[in-house]
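Visitor: Residue-level listing of the chains:
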Amino acid sequence: MLHAENLACRRGERVVFAGLSFKVEPGAAVLLTGANGAGKSTLLRLLAGLLAPAEGRLLWQEADAFADRAAHAGRLRYLSHADALKPALTTRENLGFFARLWGGDAGAALDELGLAPLAELPARVLSSGQKRRLALARLALAPAALWLLDEPTVGLDAVSVERLGALLARHRAAGGMVLAATHLPLPLPDARELRL
Amino acid sequence: MRGFGALLGREMRLAIRHPADSLAAVLFFVLVAALFPFGIGPAPEALARLAPGALLASALLAALLPLDRLFGADVEDGTLDQLLLSGMGAATVALAKALAHWLVTGLPLLVATPIAGAMLNLATEAWPAAMAALGLGTAFLSLLGTAGAALTLGARRGGVLLPLLVLPLAIPAVIFGAAGIEAAAAGLEARPYLLLLGALVAAALPLAPLAAGAALRVE
Numbered sequence: 001m002l003h004a005e006n007l008a009c010r011r012g013e014r015v016v017f018a019g020l021s022f023k024v025e026p027g028a029a030v031l032l033t034g035a036n037g038a039g040k041s042t043l044l045r046l047l048a049g050l051l052a053p054a055e056g057r058l059l060w061q062e063a064d065a066f067a068d069r070a071a072h073a074g075r076l077r078y079l080s081h082a083d084a085l086k087p088a089l090t091t092r093e094n095l096g097f098f099a100r101l102w103g104g105d106a107g108a109a110l111d112e113l114g115l116a117p118l119a120e121l122p123a124r125v126l127s128s129g130q131k132r133r134l135a136l137a138r139l140a141l142a143p144a145a146l147w148l149l150d151e152p153t154v155g156l157d158a159v160s161v162e163r164l165g166a167l168l169a170r171h172r173a174a175g176g177m178v179l180a181a182t183h184l185p186l187p188l189p190d191a192r193e194l195r196l
Numbered sequence: 001m002r003g004f005g006a007l008l009g010r011e012m013r014l015a016i017r018h019p020a021d022s023l024a025a026v027l028f029f030v031l032v033a034a035l036f037p038f039g040i041g042p043a044p045e046a047l048a049r050l051a052p053g054a055l056l057a058s059a060l061l062a063a064l065l066p067l068d069r070l071f072g073a074d075v076e077d078g079t080l081d082q083l084l085l086s087g088m089g090a091a092t093v094a095l096a097k098a099l100a101h102w103l104v105t106g107l108p109l110l111v112a113t114p115i116a117g118a119m120l121n122l123a124t125e126a127w128p129a130a131m132a133a134l135g136l137g138t139a140f141l142s143l144l145g146t147a148g149a150a151l152t153l154g155a156r157r158g159g160v161l162l163p164l165l166v167l168p169l170a171i172p173a174v175i176f177g178a179a180g181i182e183a184a185a186a187g188l189e190a191r192p193y194l195l196l197l198g199a200l201v202a203a204a205l206p207l208a209p210l211a212a213g214a215a216l217r218v219e
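These protein sequences, in sequence, are chains F and D.
Reading the first sequence from the start, the letters are residues 1 to 196 in our numbering.
Reading the second sequence from the start, the letters are residues 1 to 219 in our numbering.
Bear in mind the hints are in silico, worked out from the structure with no lab data behind them.
The C-beta atom is built at its ideal place from N, Cα and C for all residues, glycine as well.
Incorrect hints may appear among the rest.
Cβ pair distances, simulated, as ranges [what the hints assert, rightly or not]: (1) Arg57(F) to Gly154(D): 24 to 34 Å; (2) Gly154(D) to Pro189(F): 37 to 47 Å; (3) Gly74(F) to Met12(D): 24 to 34 Å.
Given the sequences, and given the hints that come with them, work out the whole structure.
Guide: Okay, here's the thing in structure tokens:
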């Protein structure tokens, strides 16, 4: 279980959010909503351990999540706004790098997002929706307990949103947690909403 | 270790897809070395006297060229976040980046050393020593430069700040490297100088990635 206690974040002199507490149980999904600049992306970066909280604690199974950063990084997948793709590498090579890091089968993950026909194309020729799907394919590689998704469906067509829905449902059925920041409706049935 | 190999492999593959970057560093090295004869005039003895220092300075400047993009591209496309969350540790990421930078920039310079050496009228018996000195000198710069690139990552005009930060620290490499080449050209033993240069690399090998890793995490 992920448990945030009284989290606060400051960027420069500005307090982005403060006194934020919530719990996420295994299999649960939380939608982060709020106006632009409310701190959704910042909260996701903070939960990933890429930013240090100004105040408060993050607990994983009631122990400090950031005590062992490598272990915390190992149990999560973070999907940011940027797709983290190299234009010069092919679709398969881009995903293959992460498959070598985390394990899993790149070919199967490409299939799952409907990218198999594009496997040998360089990422530079992909459309923005296809790039997003390639970034999402990282989620299908190897299981991780906590998914932090920043606007996962930006640029996706309806079929791809459905594919993502299947991926999310399988992850949650296996006891995985999802936190997703979004302005668009996501295929996450009975997700809790956390308004920033 | 698996992450280190995967990252290094990916960096090499990217370098092969963009060969112009390596080529630009080599050409820059040869061109800077070629400027000295024009400035000093066609006196072979004066050129040979200057050759060791000129070679070292040209090589370090050339190796500095691609450093400001070492982490820049990865920050912009979000790769750095993924690398920091890959579980391999920020220092390991920095070490892989430094090694990749040396393989892509430093190593090709060694191939061009005889060309630059010939233009500077460096005695042929000093060429092996020159290649060894340049190999170690660029390795030292790759390590220092990785730490510098990580430190200047968030800075505006980081590309200008980086040489100001790294070049003063590279002075020992110029001193020992040039002394080694000069000794070889005079028919003396270059080994002691090259060993000192090797000691610099050995000291920077653990320290620079740790510093770079700490800087990357803070960003």
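Visitor: Take the hints in turn and mark each one as holding or not.
Guide: How the hints compare with the structure:
1. At about 26 Å, the beta-carbon gap between arginine 57(F) and glycine 154(D) stays in the expected band of 24 to 34 Å.
2. The hint said 37 to 47 Å for the Cβ distance between glycine 154(D) and proline 189(F), and at roughly 41 Å that hint holds.
3. Distance hint check for glycine 74(F) and methionine 12(D): the Cβ-Cβ separation is about 26 Å, which falls inside the suggested range of 24 to 34 Å.
Consistency note: the structure conflicts with none of the earlier hints.
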